[in-house]
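J.: Sequence:
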Amino acid sequence: MHNGNSKNQLNEFWHAIESAKVISKLEVDREHGLSAAEVENRINSYGKNELQEAPPTSIWVRIYEQFANFLVILLIVAAVISAVLSDWIEAAAIMTIVLLNAALGVVQESRAEEALAALKKMASPDANVLRDGHRQAIPAREVVPGDIVFLEAGNYVPADVRLLETVNLRIEEAALTGESVAVTKNAQLELEEDA
Numbered sequence: 008m009h010n011g012n013s014k015n016q017l018n019e020f021w022h023a024i025e026s027a028k029v030i031s032k033l034e035v036d037r038e039h040g041l042s043a044a045e046v047e048n049r050i051n052s053y054g055k056n057e058l059q060e061a062p063p064t065s066i067w068v069r070i071y072e073q074f075a076n077f078l079v080i081l082l083i084v085a086a087v088i089s090a091v092l093s094d095w096i097e098a099a100a101i102m103t104i105v106l107l108n109a110a111l112g113v114v115q116e117s118r119a120e121e122a123l124a125a126l127k128k129m130a131s132p133d134a135n136v137l138r139d140g141h142r143q144a145i146p147a148r149e150v151v152p153g154d155i156v157f158l159e160a161g162n163y164v165p166a167d168v169r170l171l172e173t174v175n176l177r178i179e180e181a182a183l184t185g186e187s188v189a190v191t192k193n194a195q196l197e198l199e200e201d202a
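Residue numbers for the sequence shown follow the working numbering, beginning at 8 and rising by one.
If you're looking for bench data, these hints aren't it; they were derived computationally from the structure. It should be emphasised that the depicted structure is a prediction, and the values quoted were computed from it without experimental measurement. Glycine is no exception: its CB is placed at the ideal position from the N, C-alpha and C atoms. Check the hints yourself; a few may be wrong.
[Unchecked claim] Taking lysine-lysine and the DSSO-like style, the derived pairs with C-alpha atoms no more than 27 angstroms apart in a straight line are:
no.	residue 1	residue 2
1	K32	K55
2	K55	K28
3	K128	K55
4	K128	K28
5	K28	K192
6	K127	K28
[What the hints assert, rightly or not] Restraint-style ranges between C-beta atoms, simulated for each label pair:
no.	residue 1	residue 2	range
7	S187	S65	36 to 44 angstroms
8	E34	L176	40 to 48 angstroms
9	A189	S117	53 to 61 angstroms
10	I88	T184	45 to 53 angstroms
11	S65	E159	41 to 49 angstroms
12	A110	T173	47 to 55 angstroms
13	Q115	E60	14 to 22 angstroms
14	R142	F77	55 to 63 angstroms
15	Q59	A194	17 to 25 angstroms
16	E60	E25	30 to 38 angstroms
17	S31	I178	19 to 27 angstroms
18	S42	W67	47 to 55 angstroms
19	E72	K28	16 to 24 angstroms
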């Protein structure tokens, strides 16, 4: 069902195209949605609907980052100078503080990374889509270009979508724009490409 230009299709300004043309360009049956086979093809072509994560930071990089700070380097230099001047107590005190600070920093970063991973698991939203003629809930990461997504009050928008129909739709965009006032959305509105 793909026409071979799958990667190029994503470069369209979908918000500036009439909704019927979007349906046509993405080769979607508005009454039945995508078939399971077509979903599989699109996952293979486009990948999952998720951000690529940076690889986890190794313990050695975390330790290095604790010492790659001007003030920490200054304290180490002060400890070395104190040791050269035979002030062993001051040198030991400074190095103890530097090492404790580094250890606490590494532990805090590790815990923060673990907490973020736990939050990400808890916050993975579902999406209601039309596939094979049936409305079904799927993990948001499985939404593909061409899926017909249903939004209801309280739902997260699971992907960058082109609205086909709206009834009094207001979207809270604070996470994206910082604006705390909900924005009214209208499926019939066609915008310029640079909007």
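J.: For each hint, tell me whether it holds in the structure or not.
T.: Status of each hint after checking the structure:
no.	hint	result
1	K32 x K55	holds, 20 angstroms
2	K55 x K28	holds, 24 angstroms
3	K128 x K55	holds, 16 angstroms
4	K128 x K28	violated, 36 angstroms
5	K28 x K192	holds, 19 angstroms
6	K127 x K28	violated, 35 angstroms
7	S187 x S65: 36 to 44 angstroms	holds, 39 angstroms
8	E34 x L176: 40 to 48 angstroms	violated, 25 angstroms
9	A189 x S117: 53 to 61 angstroms	violated, 38 angstroms
10	I88 x T184: 45 to 53 angstroms	holds, 51 angstroms
11	S65 x E159: 41 to 49 angstroms	holds, 43 angstroms
12	A110 x T173: 47 to 55 angstroms	holds, 54 angstroms
13	Q115 x E60: 14 to 22 angstroms	holds, 20 angstroms
14	R142 x F77: 55 to 63 angstroms	holds, 57 angstroms
15	Q59 x A194: 17 to 25 angstroms	violated, 30 angstroms
16	E60 x E25: 30 to 38 angstroms	holds, 36 angstroms
17	S31 x I178: 19 to 27 angstroms	holds, 25 angstroms
18	S42 x W67: 47 to 55 angstroms	holds, 48 angstroms
19	E72 x K28: 16 to 24 angstroms	violated, 50 angstroms
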